[in-house]
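Protein sequence lines, in the order shown, are assigned to chains A and B. Residues in the first sequence are numbered consecutively from 1, following the UniProt record's numbering. Residues in the second sequence are numbered consecutively from 1, following the UniProt record's numbering.
Treat the hints loosely; a few may be bogus.
Same chains, same names: a pair is fine if it fits in one copy or spans any two.
[What the hints assert, rightly or not] Once the Cα atoms are required to be at most 30 Å apart in a straight line, the calculated DSSO-like pairs of lysine-lysine come out as:
id, residue 1, residue 2
1, Lys373, Lys350
2, Lys361, Lys350
3, Lys157, Lys439
4, Lys530, Lys450
5, Lys477, Lys157
6, Lys157, Lys530
7, Lys349, Lys131
8, Lys341, Lys91
9, Lys373, Lys247
Since the hints were derived computationally from the structure, they do not count as laboratory data.
Number of protein chains: 2
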Amino acid sequence: MPARLGYGLRRCNLQKRRGFQNARLISVDSRNRLSNFWTPTGGISPQDGEQDDSHALLVRGGFLRQAHSGVFHLLPLGLRVQERLSWLIDKHMATLGASKLSLSSITTEALWRQSGRYSANSELLRLSDRKDSGFLLSPTHEEEITSLVAGMVHSYKDLPLKLYQIGRKYRDERRPRQGLLRAKEFLMKDLYTFDYAHEHALQTYQSVRTAYNNFFDELKLPYLVADADSGNMGGKLSHEYHFVSPKGEDNVWSCSSCDYVANEELVEKRTHDTGRLPTSQELHFTGISVDRTTKIHIHVPYPARLVNVPCSDGTKLNVYVPRPDILPPSLLSSDSTHIEKFVNLHAVKKAAIDIDTGIEKTTLQSFLPKTTKTIHIYDRLVPYPKYPDSEIPLNHLDITRIYPGDPCPRCESGELKVQKAIEVAHTFHLGTRYSEPLKALVAGPDGMAKQPMQMGCHGIGVSRLIGAIASLLADDKGLNWPRVIAPFECIVVTTPQVPEEDGVEVYDILREGAQGYEIVDTVIDDRPIKSLAWKLRDADLIGYPVIVVLGRAWKERRRVEVQCRRHGVKTEMELEGLKEGVLKLLDLL
Amino acid sequence: MPARLGYGLRRCNLQKRRGFQNARLISVDSRNRLSNFWTPTGGISPQDGEQDDSHALLVRGGFLRQAHSGVFHLLPLGLRVQERLSWLIDKHMATLGASKLSLSSITTEALWRQSGRYSANSELLRLSDRKDSGFLLSPTHEEEITSLVAGMVHSYKDLPLKLYQIGRKYRDERRPRQGLLRAKEFLMKDLYTFDYAHEHALQTYQSVRTAYNNFFDELKLPYLVADADSGNMGGKLSHEYHFVSPKGEDNVWSCSSCDYVANEELVEKRTHDTGRLPTSQELHFTGISVDRTTKIHIHVPYPARLVNVPCSDGTKLNVYVPRPDILPPSLLSSDSTHIEKFVNLHAVKKAAIDIDTGIEKTTLQSFLPKTTKTIHIYDRLVPYPKYPDSEIPLNHLDITRIYPGDPCPRCESGELKVQKAIEVAHTFHLGTRYSEPLKALVAGPDGMAKQPMQMGCHGIGVSRLIGAIASLLADDKGLNWPRVIAPFECIVVTTPQVPEEDGVEVYDILREGAQGYEIVDTVIDDRPIKSLAWKLRDADLIGYPVIVVLGRAWKERRRVEVQCRRHGVKTEMELEGLKEGVLKLLDLL
Numbered sequence: 001m002p003a004r005l006g007y008g009l010r011r012c013n014l015q016k017r018r019g020f021q022n023a024r025l026i027s028v029d030s031r032n033r034l035s036n037f038w039t040p041t042g043g044i045s046p047q048d049g050e051q052d053d054s055h056a057l058l059v060r061g062g063f064l065r066q067a068h069s070g071v072f073h074l075l076p077l078g079l080r081v082q083e084r085l086s087w088l089i090d091k092h093m094a095t096l097g098a099s100k101l102s103l104s105s106i107t108t109e110a111l112w113r114q115s116g117r118y119s120a121n122s123e124l125l126r127l128s129d130r131k132d133s134g135f136l137l138s139p140t141h142e143e144e145i146t147s148l149v150a151g152m153v154h155s156y157k158d159l160p161l162k163l164y165q166i167g168r169k170y171r172d173e174r175r176p177r178q179g180l181l182r183a184k185e186f187l188m189k190d191l192y193t194f195d196y197a198h199e200h201a202l203q204t205y206q207s208v209r210t211a212y213n214n215f216f217d218e219l220k221l222p223y224l225v226a227d228a229d230s231g232n233m234g235g236k237l238s239h240e241y242h243f244v245s246p247k248g249e250d251n252v253w254s255c256s257s258c259d260y261v262a263n264e265e266l267v268e269k270r271t272h273d274t275g276r277l278p279t280s281q282e283l284h285f286t287g288i289s290v291d292r293t294t295k296i297h298i299h300v301p302y303p304a305r306l307v308n309v310p311c312s313d314g315t316k317l318n319v320y321v322p323r324p325d326i327l328p329p330s331l332l333s334s335d336s337t338h339i340e341k342f343v344n345l346h347a348v349k350k351a352a353i354d355i356d357t358g359i360e361k362t363t364l365q366s367f368l369p370k371t372t373k374t375i376h377i378y379d380r381l382v383p384y385p386k387y388p389d390s391e392i393p394l395n396h397l398d399i400t401r402i403y404p405g406d407p408c409p410r411c412e413s414g415e416l417k418v419q420k421a422i423e424v425a426h427t428f429h430l431g432t433r434y435s436e437p438l439k440a441l442v443a444g445p446d447g448m449a450k451q452p453m454q455m456g457c458h459g460i461g462v463s464r465l466i467g468a469i470a471s472l473l474a475d476d477k478g479l480n481w482p483r484v485i486a487p488f489e490c491i492v493v494t495t496p497q498v499p500e501e502d503g504v505e506v507y508d509i510l511r512e513g514a515q516g517y518e519i520v521d522t523v524i525d526d527r528p529i530k531s532l533a534w535k536l537r538d539a540d541l542i543g544y545p546v547i548v549v550l551g552r553a554w555k556e557r558r559r560v561e562v563q564c565r566r567h568g569v570k571t572e573m574e575l576e577g578l579k580e581g582v583l584k585l586l587d588l589l
Numbered sequence: 001m002p003a004r005l006g007y008g009l010r011r012c013n014l015q016k017r018r019g020f021q022n023a024r025l026i027s028v029d030s031r032n033r034l035s036n037f038w039t040p041t042g043g044i045s046p047q048d049g050e051q052d053d054s055h056a057l058l059v060r061g062g063f064l065r066q067a068h069s070g071v072f073h074l075l076p077l078g079l080r081v082q083e084r085l086s087w088l089i090d091k092h093m094a095t096l097g098a099s100k101l102s103l104s105s106i107t108t109e110a111l112w113r114q115s116g117r118y119s120a121n122s123e124l125l126r127l128s129d130r131k132d133s134g135f136l137l138s139p140t141h142e143e144e145i146t147s148l149v150a151g152m153v154h155s156y157k158d159l160p161l162k163l164y165q166i167g168r169k170y171r172d173e174r175r176p177r178q179g180l181l182r183a184k185e186f187l188m189k190d191l192y193t194f195d196y197a198h199e200h201a202l203q204t205y206q207s208v209r210t211a212y213n214n215f216f217d218e219l220k221l222p223y224l225v226a227d228a229d230s231g232n233m234g235g236k237l238s239h240e241y242h243f244v245s246p247k248g249e250d251n252v253w254s255c256s257s258c259d260y261v262a263n264e265e266l267v268e269k270r271t272h273d274t275g276r277l278p279t280s281q282e283l284h285f286t287g288i289s290v291d292r293t294t295k296i297h298i299h300v301p302y303p304a305r306l307v308n309v310p311c312s313d314g315t316k317l318n319v320y321v322p323r324p325d326i327l328p329p330s331l332l333s334s335d336s337t338h339i340e341k342f343v344n345l346h347a348v349k350k351a352a353i354d355i356d357t358g359i360e361k362t363t364l365q366s367f368l369p370k371t372t373k374t375i376h377i378y379d380r381l382v383p384y385p386k387y388p389d390s391e392i393p394l395n396h397l398d399i400t401r402i403y404p405g406d407p408c409p410r411c412e413s414g415e416l417k418v419q420k421a422i423e424v425a426h427t428f429h430l431g432t433r434y435s436e437p438l439k440a441l442v443a444g445p446d447g448m449a450k451q452p453m454q455m456g457c458h459g460i461g462v463s464r465l466i467g468a469i470a471s472l473l474a475d476d477k478g479l480n481w482p483r484v485i486a487p488f489e490c491i492v493v494t495t496p497q498v499p500e501e502d503g504v505e506v507y508d509i510l511r512e513g514a515q516g517y518e519i520v521d522t523v524i525d526d527r528p529i530k531s532l533a534w535k536l537r538d539a540d541l542i543g544y545p546v547i548v549v550l551g552r553a554w555k556e557r558r559r560v561e562v563q564c565r566r567h568g569v570k571t572e573m574e575l576e577g578l579k580e581g582v583l584k585l586l587d588l589l
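Go ahead and model the full structure; you've got the sequences and the hints to work with.
Right, dumping it as structure tokens:
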């Protein structure tokens with residue numbers, strides 16, 4: 001459905017009186033009133049099926065619009081949210097002592113070859129220019145920043161150094177989806193840290209985590225911080241920041257009792273549990289290696305839970321009992337398309353077995369006859385067969401998946417649960433992963449040979465965060481924004497019968513701020529051609545944290561109605577104390 | 001020469017006391033003092049030959065750094081200048097009632113084919129992605145914005161609409177040069193206007209010109225506004241904003257007496273002058289058509305000036321007399337490599353003769369034997385020969401170039417002069433050039449068929465403006481910034497012997513601002529490891545508008561020295577009245 005262009009929101013022009021700073025994105029007409037603030041919204045409540053589709057709400061609300069598959073234009077409301085989010089990030093980066101710069105979006109194949117990341121990345125977008133210069137669009141800037149700093153920093157005295165930017169990044173996404181959550185062009189905050197000694201780098205890492213926690217706390221939304229694998233970014237220390245959401249593509253595991261949180265790759269088993277598995281409880285799957293030469297047989301137990309069974313002789317026995325809650329009868333066959341449900345493929349891969357996890361069943365069947373080798377992998381709970389049909393059976397590995405309800409690896413009483421989550425930020429300790437190949441070396445205090453710097457890289461997905469927050473807070477009436485990134489904190493809505501000056505009077509009260517007093521970032525909707533009901537639905541759709549209505553109560557007794565959907569507030573207020581009342585509500589949001 | 005990293009500028013942390021707004025790009029250390037503000041400068045005066053090379057000064061001063069040919073990273077100081085410039089643009093766009101958005105950098109071949117610009121543009125950077133989607137990097141956004149607005153605006157009631165963005169653009173520049181002046185990746189402000197009727201569009205055009213003039217006035221630098229040809233952008237009404245500079249690649253013509261200014265394409269001749277040209281005074285050149293099929297002979301007079309010669313019979317005669325000041329003897333041969341010095345090739349091209357202006361002499365010679373046709377072009381001052389050696393000689397055209405000293409076409413007494421200039425902004429009335437092919441139609445008030453919108457597009461080269469201003473104000477000591485875009489308005493520099501608190505005290509006085517009182521945007525350089533002389537040279541190189549020194553006068557009688565290089569000011573001041581004194585100086589900058 002095409003979003004429509006609104007007629008124009010207005011508010012009093014305060015530019016001359018109070019300086020420019022409050023009027024950045026709002027337009028002023030020649031009669032000294034704001035007009036033409038672009039709100040291309042349908043102004044009606046979400047339609048069936050749209051409630052869960054926050055991306056459709058962002059489009060309908062006039063925040064953004066898809067330009068091409070996975071590529072978006074930010075409209076004025078969306079840009080306002082993005083600029084407020086950027087401001088919040090700047091604030092927390094400043095507490096870290098990080099300096100802001102702006103790296104080019106263009107990088108080169110040569111530099112990526114030097115770091116060794118060129119061939120591994122299939123999502124690089126290449127530029128074809130007249131000189132065939134091997135230009136790429138950066139999906140991330142480790143190479144460029146390391147090369148830049150290598151040319152400018154030569155002594156430990158110049159460290160620590162913390163540099164960040166907020167800029168567009170590019171990825172040749174195979175299947176762009178869910179709007180801002182997975183796009184080809186996206187906005188990231190990326191911070192790079194440089195230290196001399198390893199222990200300094202770890203201190204820096206901790207200070208970044210503190211800044212990230214403070215940043216997320218200000219959004220006032222629940223988030224998870226998961227231990228994470230640093231993957232092909234190198235290094236060992238890494239954390240992911242997640243919002244729990246059914247739209248998420250990551251699995252985050254957490255304990256019902258302690259604060260253990262880990263992502264799918266890193267979630268651990270409780271290792272000291274041992275028990276006996278009934279031999280019949282076995283599944284086996286067939287896979288193939290990425291190079292198509294090797295057939296891989298995997299033997300795992302049925303999903304089972306360790307229970308302590310009292311025996312007839314008075315002793316107790318640890319026994320694994322099957323869990324039909326995990327294994328629906330329909331999946332009882334060892335169909336390889338379900339392999340990921342039963343086998344921890346991360347563990348298989350860690351054992352240096354290059355199993356192809358993306359292959360489809362029919363393709364697999366056509367390739368199997370051509371394989372020349374066969375290897376077997378047995379989970380540690382599955383006993384070896386007497387005569388394995390391969391000459392070199394692999395050792396027992398721990399490749400059973402973890403299932404919801406499994407015991408927590410950290411505490412005695414907790415059970416693990418898994419939730420779908422959206423990853424919105426990530427911290428990495430990189431070590432010398434980039435400083436070594438790109439020769440970012442510094443002299444130390446001891447006059448010894450130069451050493452590669454200790455680096456960290458720390459991202460926040462800015463556009464993804466906007467999409468994630470929109471999805472987190474959307475309800476059946478529309479979007480809903482945390483105060484700190486809302487396009488406006490408050491909207492003053494008037495019935496068409498209320499004189500223009502009345503709306504402006506209320507607006508002025510909310511915006512009036514002496515030094516040291518907070519003001520409420522407000523916009524007026526006094527469009528005369530729309531009904532009050534239409535304008536309220538529109539305000540709900542856009543998701544202003546607080547709505548101030550000049551309706552019947554205003555005409556009868558000069559009182560406004562203050563609404564806050566997130567807290568179910570709908571209350572009449574006098575003008576006296578209105579600003580304080582609204583600020584009090586905003587403090588909760 | 002590689003720029004070096006500074007040790008760190010410090011200033012007092014005001015974050016807790018006065019809110020965050022003043023601390024955006026400056027880092028705070030854990031002892032509540034700012035540190036690690038990244039100033040990778042050599043801290044020494046410009047070297048030989050560097051005075052004219054403002055790009056080298058920007059690199060040495062730590063504003064930017066070349067990443068690849070024509071591709072730059074903005075370092076913290078450079079980003080600060082860019083952000084202040086963007087803020088100034090936002091301010092003037094707000095007075096126009098324009099709303100800010102952010103369009104994707106990615107566009108598509110398909111859309112550019114629809115507007116008819118795809119084949120004409122040889123500077124488009126293409127993306128190669130896995131699906132071969134025909135993605136491009138936008139050099140400008142007419143296609144995208146028109147397509148966006150076409151989908152959202154359907155009635156004249158939604159107009160006028162003014163939308164702008166400040167974003168990166170891309171051009172496959174054949175020879176990137178002069179740093180930010182001609183780069184592959186650059187920052188532009190582009191405003192697009194949409195009106196219903198032609199007369200409204202012209203009003204909009206005038207209001208944009210007013211806003212542009214106000215914007216340039218705030219920079220307090222002399223600029224020229226030239227009538228311009230709108231080229232392949234379509235439409236008729238167009239103006240260019242130029243800074244006069246020897247680094248410029250444009251020629252701007254202006255009158256010594258009236259306010260006539262025009263660019264090379266549009267500069268006019270005084271048409272009512274007629275006179276007789278001595279027949280001997282003829283030059284001819286040989287060229288070739290772009291398709292290599294046609295030899296083109298061009299006949300023009302020697303550069304000449306019309307003079308009024310008193311004759312022996314008492315009458316007066318208008319006669320063209322040669323101008324050896326224009327035509328040095330060494331160029332007397334009709335060597336085609338000098339064709340542009342004598343022939344107005346724009347006029348030749350306007351007569352639909354597709355002459356190849358870029359061909360080299362040797363290449364020309366090798367192609368000439370293969371041509372099948374010959375055409376002759378005679379300037380209107382050159383008489384036809386009796387037997388032209390072509391069957392269809394072309395009519396006389398006005399293809400003589402305009403030379404400095406030629407009479408002004410607008411006033412009686414003025415003479416034209418030409419200056420090298422850098423184009424930094426451009427306004428275009430587009431008409432329906434894009435709205436027609438991209439079907440951006442609106443219904444009118446009369447219920448008649450929908451009509452294409454009347455559009456305008458208006459650019460400011462943000463990164464180019466930074467490069468141009470740097471070049472305009474650089475002197476033998478370094479850069480120099482207009483107050484309104486300086487990275488900081490003022491720097492407090494202390495000798496190593498002055499206690500830290502003293503610098504902070506002066507800093508606090510300059511930053512102290514009650515509501516309504518201006519503050520001075522200040523930074524402190526109290527780096528202990530550098531001498532005062534080093535730090536002053538560094539401050540001169542970076543180009544802070546005002547420098548406040550705590551040196552000998554401070555130690556002896558608690559007075560600071562206030563320096564302003566642009567106005568040759570070096571004066572002692574008491575702390576009492578210091579802020580007012582600095583603000584007074586800043587008002588001039």
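Now the hints, each set against the structure:
Taking CA atoms no more than 30 Å apart as the test, Lys373 paired with Lys350 passes inside one copy only; the shortest distance there is 20 Å, against 74 Å between copies. Within a single copy, Lys361 and Lys350 get their C-alpha atoms as close as 23 Å, which meets the 30 Å cut-off; across copies the closest is 66 Å, which misses it. In this assembly of identical chains, the alpha carbons of Lys157 and Lys439 lie at most 30 Å apart only when taken from the same copy (18 Å versus 61 Å across copies). Taking the shortest Cα distances, Lys530 and Lys450 sit within 30 Å of each other only across copies (24 Å), while inside one copy they are farther apart (70 Å).
Only between protomers do Lys477 and Lys157 lie at most 30 Å apart by alpha-carbon distance; the minimum there is 28 Å, versus 56 Å within a single protomer. With identical chains, the CA atoms of Lys157 and Lys530 are at most 30 Å apart between copies only, with a shortest distance of 14 Å across copies and 64 Å within one. In this assembly of identical chains, Lys349 and Lys131 lie within 30 Å of each other by CA distance solely across copies; the values are 29 Å between and 41 Å within a copy. Taking the shortest alpha-carbon separations for Lys341 and Lys91, neither the intra-copy value of 43 Å nor the inter-copy value of 57 Å comes in at or below 30 Å.
In the homo-oligomer, the alpha carbons of Lys373 and Lys247 never lie at most 30 Å apart, since the shortest distance is 40 Å inside one protomer and 69 Å across protomers.
Checked against the numbered hints above, the structure breaks hints 8, 9 and satisfies the rest.
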